[in-house]
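**Student:** Chains as they are written, first to last, in my numbering: chain A, 1 to 465; chain B, 1 to 497; chain C, 1 to 102; chain D, 1 to 174; chain E, 1 to 628.
No wet-lab data here; the hints were simulated from the structure. Glycine included, every Cβ here is placed at the ideal spot set by N, Cα and C. Some hints here could point you the wrong way.
[Said to hold, decoys possible] Listed next, the in silico DMTMM-like pairs over lysine to aspartate or glutamate satisfying Cα-Cα at most 20 Å (straight line):
no.: 1; chain 1: A; residue 1: Lys3; chain 2: D; residue 2: Asp76
no.: 2; chain 1: A; residue 1: Lys3; chain 2: D; residue 2: Glu23
no.: 3; chain 1: D; residue 1: Lys24; chain 2: C; residue 2: Glu99
no.: 4; chain 1: B; residue 1: Lys116; chain 2: B; residue 2: Glu363
no.: 5; chain 1: B; residue 1: Lys61; chain 2: B; residue 2: Asp72
[Said to hold, decoys possible] If you anchor each label on the Cβ, the simulated ranges turn out as follows:
no.: 6; chain 1: E; residue 1: Leu61; chain 2: B; residue 2: Ala211; range: 43 to 53 Å
no.: 7; chain 1: E; residue 1: Thr581; chain 2: B; residue 2: Thr284; range: 46 to 56 Å
no.: 8; chain 1: E; residue 1: Gly55; chain 2: B; residue 2: Ile10; range: 33 to 43 Å
no.: 9; chain 1: B; residue 1: Ile461; chain 2: E; residue 2: Ala6; range: 43 to 53 Å
no.: 10; chain 1: B; residue 1: Ala211; chain 2: E; residue 2: Ser69; range: 22 to 32 Å
no.: 11; chain 1: B; residue 1: Lys27; chain 2: E; residue 2: Ala6; range: 43 to 53 Å
no.: 12; chain 1: B; residue 1: Pro452; chain 2: E; residue 2: Leu22; range: 27 to 37 Å
no.: 13; chain 1: E; residue 1: Thr156; chain 2: B; residue 2: Pro452; range: 15 to 25 Å
no.: 14; chain 1: A; residue 1: Pro53; chain 2: D; residue 2: Ala136; range: 33 to 43 Å
no.: 15; chain 1: A; residue 1: Asp260; chain 2: E; residue 2: Thr581; range: 34 to 44 Å
no.: 16; chain 1: B; residue 1: Leu46; chain 2: E; residue 2: His564; range: 44 to 54 Å
no.: 17; chain 1: B; residue 1: Thr284; chain 2: D; residue 2: Leu92; range: 53 to 63 Å
no.: 18; chain 1: D; residue 1: Ala85; chain 2: E; residue 2: Ile578; range: 51 to 61 Å
no.: 19; chain 1: C; residue 1: Arg89; chain 2: D; residue 2: Ala85; range: 18 to 28 Å
[Claimed, not checked] Computed footprint of chain A on chain D, listed as stretches where at least three residues anywhere in the stretch have a Cβ under 8 Å from a Cβ of chain A:
no.: 20; region: 102-111
no.: 21; region: 147-157
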Amino acid sequence: MTKADLMAFMPLIILAGGSVVVLLAGAVRPGGWLYELALAFVAAALVWTIALPATAAMPGLAVTPFSRFFAVFLDGTGLVALLLASGYNKRRGIVGEEYPATLLFALAGMGAACAASDLLMLFLGLEAFTFAFYILVAVERDSVRGGEAGLKYLLNGTLSAAILAMGIALVYCSRGTLKLAELALQAAPPEPLFLAGVCLVLVGLAFKLSWVPAHLWTPDVYQGAPAPVTALLSTASKGASVAALLLVLPLAAVWRGGHDILWGLALATLVCGNMAALVQSSIKRLLAWSSVAQMGYVALAFVALPAGGARAALFYIVAYAAAGLASFGAVAVLADGTDRDAIEQYRGLGYRNPLAGAALAVALFSLAGIPPAAGFMAKFAVFSAALRAGETALAVVGVLSALVAVFFYLRVVVALYMRPADGMEAAVRPLSISEGVALAIPTAAILFLGLYPSPLLDLLIRISR
Amino acid sequence: MMADPHLLTILVFFPLAGCLLVLPVWKRPAAARPLALGVMTGELLLALWLYASWQGLAALKPILPGYLLVEDAPWIGAFGIRYTLGLDGISLLMVMLTAFSFCVALAVSWRAIGEKVGLFLALLLAMETGIMGVFLALDLALFYLFWEVMLIPMFFLIGIWGHGRHIYSTVKFFLFTMFGSLLMLLAIIALHLLHAQQSGVATFGLHQLIATRLPAGTQLWLFGAFFLAFAIKFPLFPLHTWLPDAHTDAPTAGSVILAGLLLKTGSYGLLRFGYPLFPQAAQTLTPLFYTLAIAGIIYASLVAFAQEDMKRLIAYSSIGHMGYVAIGIAAWQPVALSGSIIQMANHGVTTGALFAMVGMLDERAHTREIGAFGGLWGKIPLWSFFFLLFSMASVGLPGLNNFVGEFLVLSGTFTKSPLAAGLAFTGIVLTLVYTVRLVQEVVFQTERKPLPLADLDRREICLLALLALLVILMGVHPAPLLDLIHGPVKILVGGAP
Amino acid sequence: MIVPLEHILILAGLLFFLGMGGMLAWRANLIMMLVCIEVMLNAVMLVFVGGSARWGTADGQLFAIFIMALTSAEVSLALAMVVYLHRRRKTIDTDRFSEMKG
Amino acid sequence: MEQIIFYILAGVAVIGTILAITEKHPVHAILYLVTSLFSIAVIFYLLTAPLVAAFEVILYAGAIMVLFLFVIMMLDLGHPEKGIAPQWRQWLPALALAGVSIASLAAVIVSRHASAAAAAAPAPAPAPALPIREVARHLFQDHGLAVELVSLQLLFALVGALYLGKQSKGGETK
Amino acid sequence: MNIYLALILLLPLLGGLCNALLGRLLPRRVGVIVACGVIWGAFACAVLAFVGFTGPVRVELGSWLAAFSFQAPIALYLDQLSLGLTLMITFVCGLIHLYSVGYMQDDPAWARYFALLNIFVFAMLTLVLAENLPLLYLGWEGVGFCSYALIGFWYTEEKNATAGRKAFITTRIGDTAFGIAIVWMYQLSGSVSITHLNSMGALIPAAVVTTLGLLLLAGAAGKSAQLPLSVWLPDAMAGPTPVSAQIHAATMVTAGVYLLARMFPLIGSSETVRAAIALTGGITAFYAATCACCQRDLKRILAYSTISQIGYMVLGVGVGALPGATFHLLTHAFFKALLFLGAGCVITALHHQQDIFRMGGLRTKLAAVYWPFLAGALCLAGFPLTGGFFSKDAILGGVAAQGGALYGGLLLLGLFTALLTSFYTFRMVFVVFHGEQEHSLSPGPLPQIMTLTLVPLALLGLCGGLLNLPAYLGYEGVLDGFLGSIPGFGGVEQASHADEIALQIVAATLSLAGLGLAWSRYTGSRRADALAREATGPSGAGFLLNGWYLDNLYWALVINPFNHLARFLWKRWDEAGIDGTLDGLARLTARLGGLPAAWSTGRVATSLFGLASGVAIILVYLVWVTLS
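Model the full assembly from the supplied sequences, consistent with the hints where possible.
**Tutor:** What follows is the structure, encoded as structure tokens:
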């Protein structure tokens, strides 16, 4: 490992080292400035990644523009999630160094997954962050739902890990190598064993991306986990999984079946997610099902992979991440130390907490794909990729399910602004600075990306080439 | 005179800037109201200034033939979307109507909106930006963006300040329009891709896309999607049911803007984009278009007759009146098209005025039930006078504005389709039937319930007098407006510019 | 290679899906579910080792070793979770943890 | 000779696994599983992977299974009469899914294409047994970062287990 | 000439606007003076125009509708016909305005009244002077609106407001046909100029001309209260009496006749159209005369008689006797205005009593009204040597000149109608003014201006014949000569002098017979009997009293179905049908949404099954793809 390599890998090292440092700091001085410390590490990683555009390749890991893009993306979401968590956790009595340290570790794992250049590292990275989330989801020990969510995530996660591993094993058996570049090269007519491996890898990743039929954990876990964790889980983890999928998919590039499988997944996910969200009464579950549906659009972008679907998927996931952070962040702020979860309980909150309400509304409009929010540009990108690839039928399904989606997003907006808040008067808690920042960043991102997506799109064109 | 294309940007975004100014003071109505008024008046003055100098602008011959001003800048290179705004006679007419209608909307809600005033004004201003954008955009993607953006403020306007089943209505309104526009989005993208395949140029520019050669089947599908979106906005029978609900439950300003502008975006879209982009498909669907428009006229007039709520009645009448606009576009003939465009402006003024007046009445009596009124001429003569005037304009009494549009539409249409025009003429009687019923039961006869009614105050008189003046002026001397749209209509009908 | 790779794969597949079947069936006992996961991961390791033998590279064996490490981490956490849940609800029947649904 | 041992071990492993997953008594199940794991360990050895075989015995059959037993005993779950074995109704869909999957996988494995591709590939017929030194060199030279990552993960397994295992201050909450 | 024409139109308009906008601020005296002054000013201008008239002129005052080939400027066309009518309209309306000053002296809403009256005059003059059809249509609709507003002038009574509404809607049904005709003509010729269209006749296919003619006839029927659109006029009597005189007798209702006469060069070339026009006119004249025989309301009698007289005019147009029709139009305007104004005097004097059976013996008490009224009645009844006699005769002469079974029948019908006319006219006169006054109320005082205005009208009515004396007297009628140069007016088939004299003798006899019949029935000893019998309603009288139950027919055939259809469409189609379907769709979607939500049972096993089934499906798919 040369010095240049070290510089390139430094963000990952900062995160990994940071997690240990936070652990130690927590042990030395419990209740100290742990979140601030963690924030500093994430920010350092973020700044480093942006400031030093170095590339490097080592066995298993390669820092490329692609991975650096994801590093920025992940660190950004991590930053917002940490900001959100600092206040939320204090109110909920989640103390200790475990939370920030685990979060840093999760970021490191995701970073590794995105920078993987062989299947081993990919697998380890994916499992590392999934593993971190096992802890984070159940971090609220006093909550009845936290434990249940943790159990569900754990069991699903291990099963999917086993499937993923089996897939990688089959791929290895048929080709004798784990290096992605080599695997993608030997394209010729793919032998069935190899394809079986790729298929199983796909199922393993489908779990992480909440694609139907591997989506059933999503609503339960999103609802049970603390809102800041959900915010991170629904954004960063999805982003890392998209990155992993983008790394893996070239393996099956010449196989028509891969397209067909994704087609089916996209269809089922779009329909299932949007329909189920229609009948939810809990806002977190609604957002969870909506996140399933949103992943359906990502799947749609993957179906159109040859027609620029990769950049559509990337743009979509960024837009979704912004909306996810804003919406779950707003839910975290508005829950306000209570178990406020039913949509009915959000009546009139848009006026009592204008900033959080506005952030939630903007996020919902973005999720619904209504301009000028980023979600519109994302859907635009996905639909144009789909149409360019000739997937008219799927695009129409996507559009129609988007219409259904508009309805349930509006329900929340209606509750926020249009229903009288009788009998639910609560003292107005002013937003803390960290919460304000945590909501402002994704909201601003939503609007900026909705109105001026060019820089990001150009960047994505460059890295997805 | 300097022909600065940035004027168009200012025209579009000045209200948005106003919105951002109002938001910080949204809790202080005393500050927000004058601010909003200033911005809207400024916008109106700008529009009028453009109108005053349009002939000078036309002489300068900008990039696109027929346009007075064109602003063009790259925006989203990756998608081939450009920021292209263009102002021609038709747009200018619509821009003036928009700026004016918003002033009217502000004036009618000056006192009527007592809660969350600042927010209301901010939403109004935001919507003005959206609507201005719709009338000026020449890039399909940009157009779509504005098209959707204008929905959001309206959604809140009806949802927050509406009455009755306002939430149902506003959600219905939003879903209806979204349904059409989402399919249109797909069609826009598809058209873009087909054009890119043919010419290798990725663009959403209207004037490049017009040159796309499309097989008949494809054209029909794409036009169908556009048509659906616009027909919902129009609204054409049987896609109209969102409109009575939305109008009825909206606050007065919302109704004024819905009737005055939002419906116009549908007809404007059809004549600016739908027909020029897909001429053959439009030809094919013309019989359907006629049928729906005429069915709408007759149907809406019949249903309007049965209404018990004044606003609902006027809402249905809107459907009928827009039917004439639809017929004129369907005929795609210079006289009819001129009539349609003039009728768009006329309907905006007349129906807007009627909604404003019902709003004033509602403010005083807290009911809009026709059966509750009667004999208002004796109690509030000024109100009744204006109401009678606008009602008569709405039935197309010659000398008032609606007649101009309707008659030109029917004249032009008759040269293309005598049957359609003949059937549409029956609407003239049916319109009279329900309007006269409304006038009689509200303005004439004897008082049915003792209601505490005060006649118009000075602000209302000024507003209505202005509207009345416009109604008469546009009815007696429509020539300046007809001249304004003459050139663009010629280009539209003549095919490629 | 002592036996054709296919035979190893079939053995591993058998074990893998037995484990999966067991995991699906043993919904009433969390411990048994974890046991079944172990069976599945074992099968994966078998494939890796078989592949390693087939191709003569070390990657497969290493992957197997990493899986072992991962498994230990997961099992320890999972068992901690079992203890935690059992302490709260006095049961390890997973069907009883279905408060959130819909 | 080795072939016969392989098939015998395979049989033992499968039967051990079947017994393990059908056994009602968790402790017995663990013991059956250990049997199965031992035979797999031997298979690893036969497949020229002695290091993995050793770890299998030490880590899997040793440490992990002991951990299981420990928890079972700690929670006092070792009462078969209290245990609820899956009913046929629960086994049926599970086995159906597993059966379909394995049938498909087997079909894929033995398919003509697969063997043809395998035959075509320049397979190093007598794969040289990798010396442990070689494996270790690979492990720490090529996959050093992976080792670091896994070690961190183990650390966090510890952290997480401790965190979850801690008695919450407020006692039981419902 | 331009300035006169412009002033003729502008003066009434300005007067109307002045009263409409400033009426509340001006003192009554000023407003009234303005209102009357502008009309007389217009009359003065008309006279000046007449003096300076040398031939038809076309004057363009400004642009109006102008889009591509559709050009409808504000252009006026002054020829003999429009000049004559302008003179008549401004004069009669001027008198009626003066009359109204007295009539409305106690009404607080005088400003609205005079504003509408002035605007009406403006619209009527526009109608007459318009050079193109859209502008004519403007006047056409404008008078319709003023009529609507004035019929319902006393709006607080539902009856009045409803009558106004009925008039507006019914006439507009005709207007629609007229509108279609206009756009059709535009389509055919690319122009809407009347002169241009009238010169187009030969180029347009005959079938189209026929259709156009029928459309115009329908338009005229609406405005001129011809069958089957006649139902509104009797109800229109709900308005103030001067309004009835001005709008529903002298001017507006004759607009249909004017239109047909104006467009005659175009439509007259079709035999069918002419027959249809003549038939409509003849039957309407007869129909209304029968109805008038049994009415008890003074104004309704006059209303039916108006319908009937306009029927004559239409008949005249139909047979091509355009000068005759115009002649009758003018004389009718004088004597019918006179009758209405007289009736107004009676009604005012009797404190708004309109039932003739509650009058009687007013001859002496209201002598100032009686004599002019009698003059009007004589004209209406076609008493020999009155204006009405000659003008009606000109029409009947035209019918006679046509020959053939159809026109022969129409001639007989017309003659019979003349008898009826004479009968009901004198029935009215005798019942109101003669006999005892047992039922009668004592008349109150009348403003002098009301009775004074009757005099010039009476003179004009009686001497109207001088305008156009029959040809056998040896010199050409003034009016014939004046109008002759207008296209379509010249070359009227003239009956031979002998025939004409014979016809006049027959007509005079019939008129006298009617007088005698009425005399014998309503004066002297039989009067009480007759009145009592009619008051109880003899059999068959109901039929005539209710206008042959035409209203009931419309209720049953049109209005009730319309009401029900409207309600049905709203409730069943719009709300239950469209909205119901959409709501159902929404509910169905929500129900379907329950399916994937129900899949999420909350049990871990379910989600694990999901994953496992994903594996199974994907592997089966793989096998299916690779091995098949």
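**Student:** Are the hints correct? Go through all of them and say.
**Tutor:** Against the structure, the hints:
1. With a CA separation close to 55 Å, the supplied pair A:Lys3 and D:Asp76 exceeds the 20 Å bound.
2. Between the alpha carbons of A:Lys3 and D:Glu23 the distance comes to roughly 56 Å, so the proposed pair goes past 20 Å and is violated.
3. Simply put, D:Lys24 and C:Glu99 have alpha-carbon atoms about 27 Å apart, too far for the 20 Å limit, and the pair is violated.
4. Between B:Lys116 and B:Glu363 the CA atoms are separated by roughly 17 Å; this keeps the pair inside 20 Å, and the hint holds.
5. For the suggested pair B:Lys61 and B:Asp72, the alpha carbons sit about 15 Å apart, so the restraint of at most 20 Å is met.
6. The given range of 43 to 53 Å is respected by E:Leu61 and B:Ala211, whose C-beta atoms sit roughly 46 Å from each other.
7. For the pair E:Thr581 and B:Thr284, the beta carbons lie near 27 Å from each other, so the given range of 46 to 56 Å is not met.
8. Distance hint check for E:Gly55 and B:Ile10: the Cβ-Cβ separation is about 58 Å, which falls outside the suggested range of 33 to 43 Å.
9. Our hint of 43 to 53 Å for B:Ile461 and E:Ala6 is violated, since their Cβ atoms are close to 31 Å apart.
10. With their beta carbons about 29 Å apart, B:Ala211 and E:Ser69 fall inside the hinted range of 22 to 32 Å.
11. Our hint of 43 to 53 Å for B:Lys27 and E:Ala6 is violated, since their Cβ atoms are close to 58 Å apart.
12. Restraint check, B:Pro452 to E:Leu22: a C-beta distance of roughly 29 Å satisfies the suggested window 27 to 37 Å.
13. At roughly 20 Å, the beta-carbon separation of E:Thr156 and B:Pro452 lies within the given 15 to 25 Å, and the hint holds.
14. Roughly 36 Å separates the CB atoms of A:Pro53 and D:Ala136, a value that falls within the hinted 33 to 43 Å.
15. Between A:Asp260 and E:Thr581 the beta carbon distance is about 36 Å. The supplied range of 34 to 44 Å therefore holds.
16. At about 52 Å, the CB distance of B:Leu46 to E:His564 agrees with the hint of 44 to 54 Å.
17. Taking 53 to 63 Å as the suggested C-beta distance range, the pair B:Thr284 and D:Leu92 conforms, at roughly 58 Å.
18. Separated by about 58 Å at the C-beta atoms, D:Ala85 and E:Ile578 satisfy the suggested range of 51 to 61 Å.
19. A C-beta distance of roughly 20 Å is found between C:Arg89 and D:Ala85, which places it inside the suggested range of 18 to 28 Å.
20. Under the rule that three or more residues need a Cβ within less than 8 Å of chain A, the assignment of the region 102-111 of chain D holds, with 4 such residues.
21. With 8 residues having a Cβ less than 8 Å from any Cβ of chain A, the region 147-157 of chain D passes the three-residue criterion, so the hint holds.
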